[in-house]
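Chains A and B supply the protein sequences, listed in that same order.
Each residue of the first sequence is one higher than the last, beginning at 1 in my numbering.
Each residue of the second sequence is one higher than the last, beginning at 1001 in my numbering.
Check the hints yourself; a few may be wrong.
Said to hold, decoys possible - Pair by pair, the computed Cβ-Cβ distance ranges are:
1) A:D14 <-> B:L1090: 32 to 40 Å
2) B:E1134 <-> A:L60: 35 to 43 Å
3) B:E1069 <-> A:G25: 26 to 34 Å
4) A:E17 <-> B:K1089: 37 to 45 Å
5) B:N1154 <-> A:K22: 13 to 21 Å
6) A:K22 <-> B:N1133: 17 to 25 Å
FYI, nobody ran anything at the bench for these hints, they're computed from the structure.
All of these numbers come straight from a predicted model, not from anything done at the bench.
Even glycine gets a Cβ: it sits at the ideal position worked out from N, Cα and C.
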Amino acid sequence: MKIEVYFSHSFLNDQSEIYKIKGQGSTASIDSTTTITVSQMYLDGWRLAHAIKTSQSAQLESFNFLLIFEK
Amino acid sequence: MEWIIYGIIGYFVYKYIKKNRLSPEQKEFLRIANENQINDVKIREQFLNTEITLAEAIEFQKKKTKAAEAKERKRREALAKAEAELIAKLSSHNNRIYFCYSLVNNNSPLYLINPETNEVLDSSATDLSNLYNEGWKLMDIDKTGKNAQLDSLNAILRFEKIKSK
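With the rest of the complex left out, here is chain A (with noise of 0.2 Å):
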């Protein structure tokens, strides 16, 4: 079994971009190379296994997740 972790900025749908984290405390950044979206991983043959939404913020536009794949 695999696991992977994404972090999105806006998690609204299945085609709200997902990236990456790359680096460690206060060196974590994005890494904008790795842009996929939900259904792209599903296709992949990854299975969404939890999503932790790591802001308060109940915006749109500010609905950060933290998204865990299993494969």
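Using the hints provided, position chain B relative to the given structure of chain A.
Using the frame of chain A, we list chain B on its own:
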């Protein structure tokens, strides 16, 4: 009246400076002591007061440093042993709970927590990739802090061992 008080203060300041002032010979000894890394206050004082020779001072300092190193090594060994025992106790065969300071990817360090002190056990560090390679599955994840910054996405993660078919 004021002048008497100033006089008394001045006298004590003079006495203090005189008492703590090093003679030219002691200054030279201090330079030699620094050169030879004689850091222990007691040994240094004995050397400055010519109670011991330079060779003796160096030898005493070496012994003292060695003893301090041995003591520190023993302390670290005991700590590591206690931590290893605790990790073995916390490392259940079927489920484990880890803490992460900031879960951002597969390589984010995860730690077991000492239940008695609520402190992170540094030597238990692992990550999602390792746990999945060992056959663990992430069952629940709770974000513990309110902070939304990537460097502080604190989380508690619960894993279960996947039963092999």
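Quick rundown of the hints versus the structure:
1. Our hint of 32 to 40 Å for D14 of chain A and L1090 of chain B holds, since their Cβ atoms are close to 39 Å apart.
2. Taken as a hint, the range 35 to 43 Å holds for the pair E1134 of chain B and L60 of chain A, whose Cβ atoms sit roughly 39 Å apart.
3. Checking the proposed 26 to 34 Å range against E1069 of chain B and G25 of chain A shows it holds: the Cβ atoms sit about 32 Å from each other.
4. One distance hint, 37 to 45 Å for the beta-carbon pair E17 of chain A and K1089 of chain B, holds here, with the actual separation near 44 Å.
5. Between N1154 of chain B and K22 of chain A the beta carbons are some 20 Å apart, a value that agrees with the proposed interval 13 to 21 Å.
6. Between K22 of chain A and N1133 of chain B, the C-beta spacing of about 21 Å keeps the proposed range 17 to 25 Å intact.
Violated hints are absent here; each numbered hint is respected by the structure.
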